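There are 2 protein chains.
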Amino acid sequence: CPSLMLREVASMYFTMVAAFLVILVVALQGSVPRGTDFPYKVPLDPQGLLELSWNVSYPEQAVHFQLLIRELRFGLLFGMSDRGEFENADLAVLWSDGHNSYFGDAWSDAKGQLHMDSQQDYQLLGARRAPEGLYLLFRRAFSTCDPKDYLIEDGTVHLIYGILEKPVRSLQAINISALHGGLQRVQLLKPNISIPQLPSDMKTMEITAPDVVIPSQETTYWCYMAELPEGFPKHHIIMYEPVVTAGNEGLVHHMEVFQCAAEFDSFPHYNGPCDSKMKPDRLNYCRHVLAAWAMGAQAFYYPEEAGLAFGGPGSSRYLRLEIHYHNPLVFKGRRDSSGIRLYYTATLRPYDAGIMELGLVYTPVMAIPPGEDSFILTGYCTDKCTQLALPTAGIRIFASQLHTHLAGRKVVTVLSRDGREQQVVNADTHYSPHFQEISMLKEVVAVFPGDELITTCTYNTEDRSRATVGGFGILEEMCVNYVHYYPQTQLELCKSAVDPGYLHRYFSLVNRFNDEEICMCPQVSVPQQFYSIPWNTFNRDVLKSLYSFAPISMHCNKSSAVRFPGEWEKQPLPSITERLRERVPRCPGSPEPHPAAPIPLDLGQLRR
Amino acid sequence: CPSLMLREVASMYFTMVAAFLVILVVALQGSVPRGTDFPYKVPLDPQGLLELSWNVSYPEQAVHFQLLIRELRFGLLFGMSDRGEFENADLAVLWSDGHNSYFGDAWSDAKGQLHMDSQQDYQLLGARRAPEGLYLLFRRAFSTCDPKDYLIEDGTVHLIYGILEKPVRSLQAINISALHGGLQRVQLLKPNISIPQLPSDMKTMEITAPDVVIPSQETTYWCYMAELPEGFPKHHIIMYEPVVTAGNEGLVHHMEVFQCAAEFDSFPHYNGPCDSKMKPDRLNYCRHVLAAWAMGAQAFYYPEEAGLAFGGPGSSRYLRLEIHYHNPLVFKGRRDSSGIRLYYTATLRPYDAGIMELGLVYTPVMAIPPGEDSFILTGYCTDKCTQLALPTAGIRIFASQLHTHLAGRKVVTVLSRDGREQQVVNADTHYSPHFQEISMLKEVVAVFPGDELITTCTYNTEDRSRATVGGFGILEEMCVNYVHYYPQTQLELCKSAVDPGYLHRYFSLVNRFNDEEICMCPQVSVPQQFYSIPWNTFNRDVLKSLYSFAPISMHCNKSSAVRFPGEWEKQPLPSITERLRERVPRCPGSPEPHPAAPIPLDLGQLRR
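Residue numbers (the UniProt record's numbering), protein chains in the order written: chain A, 1 to 608; chain B, 1 to 608.
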């Protein structure tokens, strides 16, 4: 069997599905984990030609990747970048010049030009042919100390991929803009949580959309109403997992199950797009999250002591399933019956789990000027509110779902005690509004009466020409962290907004400081006033100063409408006297000034 | 002759001035420069027991130090720190435990505790006994890449020294707070300028204070009036140098020669302290700097094409010499006849040199809130002014004297062209108001019509409880760069201040934003309005925003009272679209995590 080049492999494009086994001999740079050692899996492209599996080793502070390439042509790029762009990306590249194949750790500059890294941090561990395709195995430390490398952190990671359709002379010759490629968002650093014991009386319930024809458009939010049996008593949801129709793994982007409001006796049945004119308005009252899953996420487990109550008196029998289909290749006629499988028990656990909203009130008084690359808004859950509403023994936060609308770029919640920051509750510095899963926390966070929870959201409005105000609309903004905790308390909302009186002073100040006559009259709505501000540096700076100075209006609420008793207007801003230190990776030494050579892949031992 | 320990050396304290020669054999880590290779010299302590000589190698990017210790006890510390403090300092330490002696590169933490550096960057080159004392020779690179080390930059360097009076067990055992020590400010990185050719008809004139008895107090500014001969024609000063009475090198801190205003026919003779009630008021009209020297500075040379005009019609015959005596040990009865020696020629050079004031107008509208650790004020010389006032061929700036009052911490002037920063004219990031010399620039800076000169001063008001306004008083502030240039133009002042109308809007804004009723009435003076502001974060932030946004009032003046024709009020702030990159030192690798061992000094070869 003679030496077989990647080019020839490509010529066998349509026969490659047939079973033949190729063993690629490559320089091994570490132990090769077995295929079963990759518990997490996600399709990279909508067709499912590239499939990524991985595991996370916290002792080694490294991720092991297994990339399945179903139809290899002349190579591929795989990597990570800040927000999924191909510029300034950190890439593992497999490429063929038509004769020989190479693997290397590379980076792309601001113009998309590829360069070999001086330090090779995507360590190739092996390559293996299987009937389904070529498996590439490689390892990457979270932090490499190579300034050109991506730092793998908690939260969202934007994975990018590109397929080489032609041979290339060298890495530098790859034209990144002409690549067929895309991005996939995942939480790479899955928490290392032991799975709680499940009771023997556990039952399952599938909330799935029956036989949906996925619309042939890029984005669809599908709504389906489900119903619990009449007289269904109180149970505890103790786990849930996705049910994805085989073959649609690349299309089902995320799914959520909402419980409807108890004040309505019935909800209409509906099965159709969420934005359809035919959708009954009453479905808007189904907003209480019971379960949420996003691509790449696994099963969600409640802690052993707690479960999420559903059923029983005082709760609605109606559930709304929402599925986001992402169909960029506009496949037609694909049928889908995906959804979420709930695992529940009648043997109630010691504690009901609860969900609390932290962050900003949905109000236009919190606004972001246009043209900002990273504008920060902060929402507070004050000591006064936790003092009043939390039990002496405190609560335990075990999961968190971060939420903003389209301009959101980062979300961080920090726990502060006596003005000193204690720990990060949840942080996503590569947050995307298109990837909102409920993340189990690595560490359960205990919150006691008198603690403060400070949620900071960073927004990008560079593409907008007028101010973005807070609100429910998709082009308005939110800054929310839905924290999942136990034992459940009456506190459902612990959020803030700037005092409206101070905002009014800001508007009249802007009025005085600008020579143009702009009507900032009080009879004009807050959004209209924001829209009419001429956004010079002074007006921007002063708005920032206002938000970090003015007293706040607190929503310390039992439900969205019912406040705890007390004075919640014109509250002082929590002050921080001691910040958490940023963790700076310790680096053994700075990299060599010249780039390393790629690793040639010996493809000479191909066997059918 | 047996081995002689430092302890025994100490016991011979009073006999050490007698001639004996000690040769210390130490590990040589480089070539040892000869004693004559140290052109710069400064006494460290007022008694002159420690004398530092040094040279600067720009090719090696290193300074070679020669430290003369006249009376060695149990060792000494020598080093550098941000502003002369003993905490967070970078130190070379020679110490004895009573038996053995050691040399090491160390650092002190925020509590003053000493630690060995992991990287030894004060490289000991040799040690030599001479009749006058012990010479230590060592080398230090400007930038070491050790994060605990001081970065040697252009501008002021605060040298510190401490004398060990007792043996110490180890470096860590040194109690830095109990040391007898002090600080000395110098410009370490002297520019590497070739000395211009001097004409054969050069004459000298000494402006010296005759036989002053230095007052026995820490600080004295001495004023002495001198007079040019009647009918003295126009000459060019082409060089000047200090004349310091032998023995007073540690006391004469800095000296300036001012020319008096031409509008007065005569000035009274005076020889006494500048702050005396007996000092005639008219001496305040002698403010035009002819020459300025500070400790550690050498001779000042004008460029070959230019000289500073003095004498002749239209200029005053009267000169004021001001000497700052720094006498912290309160010596009594010391006599001094120091001053400045001017070198001048009747053969006028092609160009008259001129002095131009850049920065801020002396006005209270530019103010610094109290309690700020680094508040920035910026003064502009706009394109409109240089367009009008500079010749088409431009001017050449060859020297600069930075000036603030007591709160000044940094001063930087940058040249900008078409909104893009071109080069730093002069920068002192460790600026001290107590060390103001005229520095020759490393590179002559060409300024053309339409260029902008932006001067930024950073102030510290942490020790103040009320606002610091701009003005002439020592507790008011200035932000000035006196640039020396040729050919002389009519432009004497190119400075700015915020538009007073915008400042007034700020005051009324503060009024509206604070619930307390404070009178910010227009009939109250600007300083009084600043003094009555309640300094919360909002009022501070908005003042910063105001200064970086509001239009400016330009002083584009022929003299302090006469403006160039044109509209100079409500001018737009120059905008910068491209900043100069900060030079980040390239580091070969990060240091070892564990500290290095000190170098033992072999003192076994002592000979009388």
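Do not rely on the hints blindly, as some may be mistaken.
To be verified - Heads up, incomplete: computed chain B residues facing chain A, CB under 7 Å, no partners named:
1) Arg169
2) Leu509
3) Phe513
4) Asn514
Said to hold, decoys possible - With a Cα cut of at most 30 Å, we get these calculated BS3-like pairs of lysine-lysine:
5) Lys544/A with Lys410/B
6) Lys544/B with Lys410/A
7) Lys234/B with Lys570/A
8) Lys41/B with Lys166/B
9) Lys203/B with Lys234/B
10) Lys558/B with Lys410/B
11) Lys277/A with Lys410/A
12) Lys544/A with Lys190/A
13) Lys384/A with Lys190/A
14) Lys166/A with Lys190/A
15) Lys384/B with Lys570/B
16) Lys544/A with Lys544/B
17) Lys203/B with Lys190/B
18) Lys544/A with Lys570/B
19) Lys570/B with Lys41/B
Unchecked claim - Calculated from the model, a selection of chain B residues having no Cβ within reach of chain A, i.e. all distances over 12 Å:
20) Glu87
21) Asp201
22) Pro233
23) Gly371
24) Leu388
25) Tyr502
26) Ser508
27) Leu573
Calculated directly from the structure, the hints in this document are not laboratory data.
Computed from a predicted model, the values in this text were never measured in an experiment.
Even glycine gets a Cβ: it sits at the ideal position worked out from N, Cα and C.
Status of the hints after comparison with the structure:
1. Arg169: violated (31 Å)
2. Leu509: Since chain A brings a Cβ to about 5 Å from Leu509/B, closer than 7 Å, the hint holds.
3. Phe513: holds (6 Å)
4. Asn514: violated (10 Å)
5. Lys544/A with Lys410/B: Holds, because 27 Å separates the two Cα atoms, which is no more than 30 Å.
6. Lys544/B with Lys410/A: Measuring from Cα to Cα gives roughly 27 Å; hence the hint holds.
7. Lys234/B with Lys570/A: Violated, at roughly 72 Å.
8. Lys41/B with Lys166/B: holds (28 Å)
9. Lys203/B with Lys234/B: holds (13 Å)
10. Lys558/B with Lys410/B: Given that 30 Å is the threshold and the Cα spacing comes to 28 Å, the pair holds.
11. Lys277/A with Lys410/A: Not satisfied, since the Cα-Cα distance of roughly 33 Å exceeds 30 Å.
12. Lys544/A with Lys190/A: violated (35 Å)
13. Lys384/A with Lys190/A: Judged against 30 Å, a Cα distance of about 34 Å means the pair is violated.
14. Lys166/A with Lys190/A: Violated, at about 36 Å.
15. Lys384/B with Lys570/B: holds (13 Å)
16. Lys544/A with Lys544/B: holds (12 Å)
17. Lys203/B with Lys190/B: holds (26 Å)
18. Lys544/A with Lys570/B: This hinted pair holds, its Cα atoms lying about 26 Å apart.
19. Lys570/B with Lys41/B: Answer violated: Lys570/B to Lys41/B is near 49 Å, above 30 Å.
20. Glu87: holds (20 Å)
21. Asp201: holds (56 Å)
22. Pro233: holds (54 Å)
23. Gly371: Non-interface label stands for Gly371/B: nearest chain A Cβ at 15 Å, farther than 12 Å.
24. Leu388: holds (26 Å)
25. Tyr502: Per Cβ check, Tyr502/B is inside 12 Å of chain A; nearest 8 Å; violated.
26. Ser508: Nearest chain A Cβ is 7 Å from Ser508/B, so the label is violated.
27. Leu573: violated (9 Å)
Hints 1, 4, 7, 11, 12, 13, 14, 19, 25, 26, 27, counting from the list given before, are not met by this structure.
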